[in-house]
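A.B. asks: These protein sequence lines map, in sequence, to chains A and B. So for the first sequence, numbering that gives the first Met the number 0 puts the first residue at 0; every next one is plus one. So for the second sequence, numbering that gives the first Met the number 0 puts the first residue at 0; every next one is plus one.
Treat the hints with care, as some may be off.
Stated by the list, open to error - No farther apart than 25 Å at their CA atoms in a straight line, the calculated lysine-lysine pairs in the PhoX-like style are these:
1) B:K76 / A:K247
2) A:K247 / A:K81
3) A:K16 / A:K160
4) A:K16 / A:K81
5) A:K4 / B:K76
6) A:K16 / B:K125
7) A:K160 / A:K247
8) A:K81 / B:K138
9) A:K160 / A:K81
10) A:K81 / B:K76
11) A:K16 / A:K4
12) B:K125 / B:K138
13) A:K81 / A:K4
14) A:K16 / B:K138
15) B:K76 / B:K138
Since the hints were derived computationally from the structure, they do not count as laboratory data. Being a predicted model, the structure only gives us computed values, none of them experimental.
Listed below, chain by chain, are the residues.
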Amino acid sequence: MQGFKTFLYKELLRFWKVAMQTVAGPVLTSLLYLLVFSHVLENRVTVFENVNYTSFLVPGLVMMSVLQNAFANASSSLIQSKVTGNIVFVLLPPLSHWELFAGYVAAAMVRGLVVGGGVFLVTAWFADLSFAHPLWIVVFAVLGSAILGTIGLVAGIWAEKFDQIAAFQNFIVMPATFLSGVFYSVQTLPDFWQAVSHLNPFFYMVDGFRYGFFGASDVEPMTSLVVMLCTLAIAAAGTLALMRSGYKLRH
Amino acid sequence: MTLALEIDDVAKRYGGFEALRGVSLQVREGEFFGLLGPNGAGKTTLISIIAGLARATRGRVSVMGHDVVDDYRAARKALGVVPQELVFDPFFTVREMLRFTSGYYGLRRNDDWIDELLANLDLTAKADANTRTLSGGMKRRMLIAQALVHRPPVIVLDEPTAGVDVGLRQTLWAFIRRLNREGHTIVLTTHYLEEAQELCERIAMLKQGQIVALDRTSALLRQFSGGRLLVKLASGELPPALAPICTPDEVVPGRLSLRVDSYDRLEPILAALRVAGCVIEEMELLHTDLEDVFVRIMRDSN
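The following block holds chain B by itself, in its conformation from the complex (with noise of 0.2 Å):
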């Protein structure tokens, strides 16, 4: 089976910031992948690196068995890019720029699959409308469509919903959503972790330009099984045992989270608090999210 991607050992400097240390991974055909990490960690420098925008300080990246640098045109056009800022070209209509973006592909008369693009992501209204009077949304769309716009196999999303509203949201995911069950391979970078536990079916972490987790989504929130539990004491000061696993909660103020790793964990931590003497108010137990194994994931490795 071909590699959409193939990321090996990939470092960059810029100046002696290292933005990049080292970064390996694979990313199969089909597949629906997370690249998540703080701001800073180095997703969109890598996405750079994997689009030609820029140059990786050592190591190579292929998509779709292209090498990006050695055989740049079969790996542009094995690729869509959707850059993470809303950029546009206030000279030209949505319809003059996708047809620009076809031709740049070397692709003549592709109007049939520009008015699916635009009547899929709901821009055919706009189609002569110059790009500069789009709104946010609909700019991040034509985004979308330019990238789209000659069927690549593979399309890396930069932070494709920062600043989307939640109706935009379920549209943008149902026809990405789609896109992978025909057959593309999709990178995402988020930092709606919720959107990328339901999406991805596997994930990267990056954190100071390192990978510090890469697994199977499932397998990433069974590695952290229990979750959280979430009390408000009625009266009583918390046993000194229990101090380790507490943090504020930051919801409520008063409330304590306690780290609960194991659902056998349970029962100890309640005996504990009985014990102390507290009285529970309100009580309730949260699962672990993606969220927390995030979390977690980026304490540890400090």
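The following block holds chain A by itself, in its conformation from the complex (with noise of 0.2 Å):
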């Protein structure tokens, strides 16, 4: 317990260290966002009724910031590690795959959740917020932000250089937060788009996530619990056994 709580509190340590580009950076790219998008399109579209389009905006930029920032945690902590060496730090010592699995995941969600915090604190002066359900807020930020952390640990298990995790946050993450309902309803797009969407599984993680604030969405929220629970097992599941296995971390 002791090893995992230390690993933990490194990895925490490190990013707020750099607090400037890991926090402050992304909540100012959130920020720029908000005021562009809500200037040009306030007052021309209309997704839930009662609900302008600014404050619908808020919590999917929220998400989209925990999602993103959760996901660049873990995938820059461990590429970081392997391309410098330093990954034997931890390697050496009597930690499980448990703990090292637990101890950057939890850092990704504590980085992608304070990130979310920070995004939510600046916006929501622009915005006219209810909070229909704040537990299902809570919930859908949590588990987003766990799934993230765990796909962000298997792309920096799986990647050799740092190129090769800029290609998988630009190419898969970037485009499947950006499309996942963030800046529009998905009921706005034509039948083949709304069905692509619907097997985005970031989609649903905004979409249960502006739930809490608003209490109307485009799929059930349970659906979307579902989908996330199951992610994030799959997620988990498969890379704890990668890391069982020593994968690309112990040759």
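Taking the hints as your guide, dock the two standalone chains into a single complex.
C.D. replies: Listed below in structure tokens is the structure:
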């Protein structure tokens, strides 16, 4: 237990020491999205009744930040350790694959939730938010960060250089979050793209999270919850199996 | 008596390349053991398997009686490894890293020992410096401190003095000798054979993933008693009878190095030179050192 606690603390300190880059930067980016998109689209787009576009956008931006930063934290920490070779500092001690998994994912969740909280604090001023189901807000944020932390860990294990992490981030995570209904409701899409969106697990994360605020969503929140729990279970089981086998970590 | 290390028929294959082909050896508790071999012989691979950084394709390894796979927690607690590469974590200071490493081994409030390590390794002044700012020699000492933070009974050092200046080398060996006297088992790889000769009680030599010699250092040296006779001829040609034991001297051009397998061979060699009408300008007799033994074993095991 002491080993896990120390490892988690080290992972938290790692991103906190560079908080300007890992926390403040993403918060500013989201604020800019909000200012620009709401300026352009306010009064032109109505998604849910009685919810203006800016208010609709805020939960989406918060969730997008949670997801992207949870992914970034786990993947960048691991790939940096692998490329610089200091991964031996955690591979030599008696830390189990469970402890390493839990440490990386928990730190990724904290980073995702801290950035998400920051985005919420700076964007909420511009919106007229309600909190229909606060518990759902928390549950979806926590689950979303856990899933993306796990996927980030897989990317970090698989990648051998920074370039591959960037590819994973730019060609999978970024499009999947961007097209998950952060900026629009998928119900406004043509049938085909609506069906495609329903195959994107990120869509359920954003949709369920938004339900917590407005009590309205594109699909039943319970459906979203089940999709997320299944995604997390599969991702975690797969990642733990990889780590247990020593894949690309213990040659 | 417990064995500090037990390596039983360990093989390791990377794709089609066999890095280790059935290595077996035992290191007793308290020994100072040397693992020698040319680059690519498999020394680092073997250390990686002992440390759990790599997994053997075949065979078993245990540290202080604990299997490195089935009982990895106990095995890793008993082991301190100083890696060959000068790795560091640029996010943290010396003290932070040593506290983290202590925590990974389940130790809390280890600062007294950390301070002692820092003092012994001459790093006290750098305790709060970022590890990125350390010089190469300091990074090496930092790695040693990290390997010792949990006071492991078995310490493995993979080329700890590569690229380290003479003064620091002396300090390092004094410290490691003290650890050995205090009961720690030391396993060492190095390319500096004079260091191995001076420090190690027993030596294993690896070549192409196999052990080609494993004995007490003194026995290895005795096995090839005699030495080399260095001669520079003022006039005359080397008689053909001596050609098989002659190698050109690498240091002084024109000087010849004649292998003297035992000291009673010395007189016939000189006689052969005299009979051939050679006039000796310079002559020097060198005793066998580990380097000779190493070169000969590596050559003979072809």
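A.B. asks: Determine for every hint whether it applies to the structure shown.
C.D. replies: Taking the hints in turn, this is what the structure says about them:
As the CA atoms of K76 of chain B and K247 of chain A are separated by approximately 23 Å, the hinted pair is consistent with the 25 Å bound. As the CA atoms of K247 of chain A and K81 of chain A are separated by approximately 10 Å, the hinted pair is consistent with the 25 Å bound. Taken as a hint, the K16 of chain A and K160 of chain A pair is honoured in the structure, with Cα atoms around 23 Å apart against an allowance of 25 Å. Distance hint between K16 of chain A and K81 of chain A is fulfilled; the C-alpha atoms sit about 20 Å from each other, no more than 25 Å.
A C-alpha spacing of about 17 Å is found between K4 of chain A and K76 of chain B, which places the hinted pair at or below 25 Å, so the restraint holds. Between K16 of chain A and K125 of chain B, the direct Cα distance comes to roughly 19 Å. Compliance with the 25 Å bound is thereby established for this hinted pair. The suggested pairing of K160 of chain A with K247 of chain A holds, with an alpha-carbon distance near 12 Å, which does not exceed 25 Å. Taken as a hint, the K81 of chain A and K138 of chain B pair is honoured in the structure, with Cα atoms around 18 Å apart against an allowance of 25 Å.
A hinted pair counts as satisfied when its Cα atoms are at most 25 Å apart, and K160 of chain A with K81 of chain A qualifies at roughly 8 Å. Using a Cα cut-off of 25 Å, the hinted pair K81 of chain A and K76 of chain B holds, with the two alpha carbons roughly 23 Å apart. For the hint linking K16 of chain A to K4 of chain A, the alpha-carbon distance of about 18 Å falls within 25 Å, and the restraint holds. Annotation: proposed proximity of K125 of chain B to K138 of chain B holds, straight-line Cα distance about 11 Å (limit 25 Å).
Straight-line distance between C-alpha atoms of K81 of chain A and K4 of chain A comes to about 21 Å, which keeps the hinted pair within the 25 Å bound. The hinted pair formed by K16 of chain A and K138 of chain B meets the criterion: a straight-line CA distance of about 21 Å does not exceed 25 Å. The straight-line distance between the Cα atoms of K76 of chain B and K138 of chain B is roughly 23 Å, inside the 25 Å bound, and the hint therefore holds.
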